[in-house]
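Chemist: Chains as they are written, first to last, in my numbering: chain A, 1 to 264; chain B, 1 to 312.
Careful, some of the hints might be misleading.
To be verified - Distance condition first, Cα-Cα at most 25 angstroms in a straight line; then the derived SDA-like pairs of lysine to any residue:
| hint | chain 1 | residue 1 | chain 2 | residue 2 |
| --- | --- | --- | --- | --- |
| 1 | A | Lys35 | B | Ser157 |
| 2 | A | Lys229 | B | Asn158 |
| 3 | B | Lys50 | A | Trp130 |
| 4 | B | Lys50 | B | Leu295 |
In short, the hints are calculated from the structure, not lab data. All values derive from a computational prediction rather than experimental measurement.
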Amino acid sequence: MMRRSPVLLTVCILGFVFLYAPMVSLVIFSFNESKLVTVWGGFSTKWYGELFRDPQILQSAWISFQVAFVSASLAVVLGTLAAYVLMRFGRFRSRALLTGMVTAPLVMPEVITGLSMLLLFVSLEQFVGWPKGRGMTTIIIAHVTFCMAYVAVVVQSRLSGMDQSLEEAAMDLGARPVRVFFDVTLPVISPALVAGWLLAFTLSLDDLVIASFVTGPGASTLPMVIFSKVRLGVSPDINALATIIICIVALGVAIATFQLRRKK
Amino acid sequence: MTGVIDRVAPLRWTARGLKWLGLDGRGLVVAVPVLWLLVFFLIPFLVVAKISVSEAAIALPPYLPIFDWDGIVATITLNLGNYGYLFEDPLYLRAYMFSIRVAFVSACIAILVAYPMALFIARSPEPRRSVLLMLVILPFWTSFLLRVYAWQGFLRSNGVINNFLMWTGLIDQPLVMLQTDFAVYLGIVYTYLPFAILPLYANLVRLDGALLEASADLGARPWATFVHVTLPLSLSGVLAGFMLVFVPAIGEFVIPELLGGPDTLMIGRVLWSEFFSNRDWPVASAVAVAMLVVLVVPIMLLRTVQSRSEDG
Numbered sequence: 001m002m003r004r005s006p007v008l009l010t011v012c013i014l015g016f017v018f019l020y021a022p023m024v025s026l027v028i029f030s031f032n033e034s035k036l037v038t039v040w041g042g043f044s045t046k047w048y049g050e051l052f053r054d055p056q057i058l059q060s061a062w063i064s065f066q067v068a069f070v071s072a073s074l075a076v077v078l079g080t081l082a083a084y085v086l087m088r089f090g091r092f093r094s095r096a097l098l099t100g101m102v103t104a105p106l107v108m109p110e111v112i113t114g115l116s117m118l119l120l121f122v123s124l125e126q127f128v129g130w131p132k133g134r135g136m137t138t139i140i141i142a143h144v145t146f147c148m149a150y151v152a153v154v155v156q157s158r159l160s161g162m163d164q165s166l167e168e169a170a171m172d173l174g175a176r177p178v179r180v181f182f183d184v185t186l187p188v189i190s191p192a193l194v195a196g197w198l199l200a201f202t203l204s205l206d207d208l209v210i211a212s213f214v215t216g217p218g219a220s221t222l223p224m225v226i227f228s229k230v231r232l233g234v235s236p237d238i239n240a241l242a243t244i245i246i247c248i249v250a251l252g253v254a255i256a257t258f259q260l261r262r263k264k
Numbered sequence: 001m002t003g004v005i006d007r008v009a010p011l012r013w014t015a016r017g018l019k020w021l022g023l024d025g026r027g028l029v030v031a032v033p034v035l036w037l038l039v040f041f042l043i044p045f046l047v048v049a050k051i052s053v054s055e056a057a058i059a060l061p062p063y064l065p066i067f068d069w070d071g072i073v074a075t076i077t078l079n080l081g082n083y084g085y086l087f088e089d090p091l092y093l094r095a096y097m098f099s100i101r102v103a104f105v106s107a108c109i110a111i112l113v114a115y116p117m118a119l120f121i122a123r124s125p126e127p128r129r130s131v132l133l134m135l136v137i138l139p140f141w142t143s144f145l146l147r148v149y150a151w152q153g154f155l156r157s158n159g160v161i162n163n164f165l166m167w168t169g170l171i172d173q174p175l176v177m178l179q180t181d182f183a184v185y186l187g188i189v190y191t192y193l194p195f196a197i198l199p200l201y202a203n204l205v206r207l208d209g210a211l212l213e214a215s216a217d218l219g220a221r222p223w224a225t226f227v228h229v230t231l232p233l234s235l236s237g238v239l240a241g242f243m244l245v246f247v248p249a250i251g252e253f254v255i256p257e258l259l260g261g262p263d264t265l266m267i268g269r270v271l272w273s274e275f276f277s278n279r280d281w282p283v284a285s286a287v288a289v290a291m292l293v294v295l296v297v298p299i300m301l302l303r304t305v306q307s308r309s310e311d312g
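Make the full structure from the sequences, and use the hints.
Modeler: Below, the structure written as structure tokens:
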């Protein structure tokens with residue numbers, strides 16, 4: 001092992017300061033008395049009160065939560081299927097097509113995904129009559145599509161690291177493929193499913209661009225409300241919201257780390 | 001599972017019918033994700049391509065059909081004017097060139113910052129390595145929008161940075177940083193830095209320490225070892241990290257909108273305003289198709305790099 005140079009250490013510390021300083025300032029200024037988000041005017045929690053009295057924020061947060069929950073769950077099912085098929089089925093006719101379609105959403109610019117989904121929904125409504133109008137359903141379909149790609153990547157890496165002899169043993173003992181999948185494969189890859197679900201949930205909760213394209217009247221998600229507020233200028237209650245989100249994430253990471261430690 | 005299917009008649013018939021179509025259980029399992037992605041990912045691009053050659057109209061939806069059938073003759077009207085429009089108006093070309101430049105420069109800066117960080121993390125002993133790696137991933141889990149918003153508070157004229165610099169007496173006039181191109185570069189490097197660190201880390205952590213020792217034993221100084229051993233071996237990680245910043249940055253909308261000035265024209269922003277403000281769906285589609293053309297080469301390059309690193 002090579003000696004670690006002080007240069008590397010310095011750059012690394014500066015890099016982490018760069019990554020975290022903006023978030024720290026969000027948290028600090030959420031407790032600011034003054035309306036100016038960057039001038040300290042004394043400690044106060046009034047912006048939290050204001051946040052919870054804002055019906056627009058509460059309503060959109062509830063919509064976002066529902067969308068993210070359903071999207072993540074469907075994305076886990078579809079993404080796992082895609083990953084399993086690609087890792088265990090060997091050769092099949094649509095293999096190249098599926099490989100391409102699973103990886104492409106990861107690198108596709110959001111504006112293109114959003115626009116193409118919207119145009120699809122409009123055309124479908126014109127020719128098939130479904131989906132009627134746009135709203136939560138169309139947001140969920142769009143989110144499932146781009147989230148399942150992320151789930152597939154996570155599950156694929158788990159499947160490739162898994163000891164395949166377990167599945168082969170079950171097969172040799174006479175279990176049918178469906179049984180092998182549910183009794184052997186699924187329990188082994190379940191941590192990846194949890195990780196994939198959480199990733200899909202946060203991606204869906206965080207998406208502004210795609211949701212803006214495919215939404216309809218009455219279905220404003222939380223990022224859309226945040227964006228319209230932020231665009232108009234400073235709003236300290238958004239700092240309060242950011243602090244709550246950061247706390248939830250920190251708590252989630254702490255719990256996950258604790259669980260992993262205990263398992264070991 | 002199969003027991004149920006054999007016992008319940010309608011299920012048995014469906015199973016037989018599907019088998020007759022050449023779809024056994026295996027085929028069905030393949031069909032579900034393939035069909036979903038086909039309908040909701042691939043076909044939409046064909047729709048975009050179709051609408052990019054139709055004519056805008058004040059209607060619902062705001063474009064004219066390209067197929068027309070009057071009972072006897074079917075006509076297809078392809079309107080390539082939308083693409084011509086992209087070339088005529090210098091605004092679009094400027095937005096493209098600017099997007100590519102911003103994405104390229106930001107990706108280079110991101111790699112320059114990410115490389116030492118990834119190297120440091122890869123060379124850390126185990127408990128610390130996991131913690132540092134988690135600190136890199138953690139920002140992914142907090143809202144991207146809110147992190148960009150945080151930079152507004154940092155960069156504005158009465159923001160954190162200006163207040164600090166004025167307090168130290170280094171400047172006596174606030175610097176104009178928000179709503180400039182500088183803020184856009186900064187925002188993109190900040191947002192996509194973890195994307196650059198992760199592939200570099202994955203590459204550097206697999207680097208054989210014996211090679212470095214051999215190089216040192218042969219008398220190479222640390223810097224020479226880095227230039228002749230570490231760097232050449234990590235080039236695929238550099239390329240992957242670069243592309244993971246470059247490709248999404250090209251189509252970025254939120255960062256130029258919130259941090260850039262009104263004349264910071266990036267192609268994602270142009271598409272957005274064509275669609276939402278001008279309600280010109282055909283031109284927005286043409287912009288999307290043109291953006292895809294620009295992205296095809298880097299995306300292909302990224303896939304080759306990734307599949308090669310999987311094999312190797």
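Chemist: All the hints need checking, so say for each whether the structure fits it.
Modeler: Now the hints, each set against the structure:
| no. | hint | result |
| --- | --- | --- |
| 1 | Lys35/A with Ser157/B | 16 angstroms, holds |
| 2 | Lys229/A with Asn158/B | 19 angstroms, holds |
| 3 | Lys50/B with Trp130/A | 20 angstroms, holds |
| 4 | Lys50/B with Leu295/B | 19 angstroms, holds |
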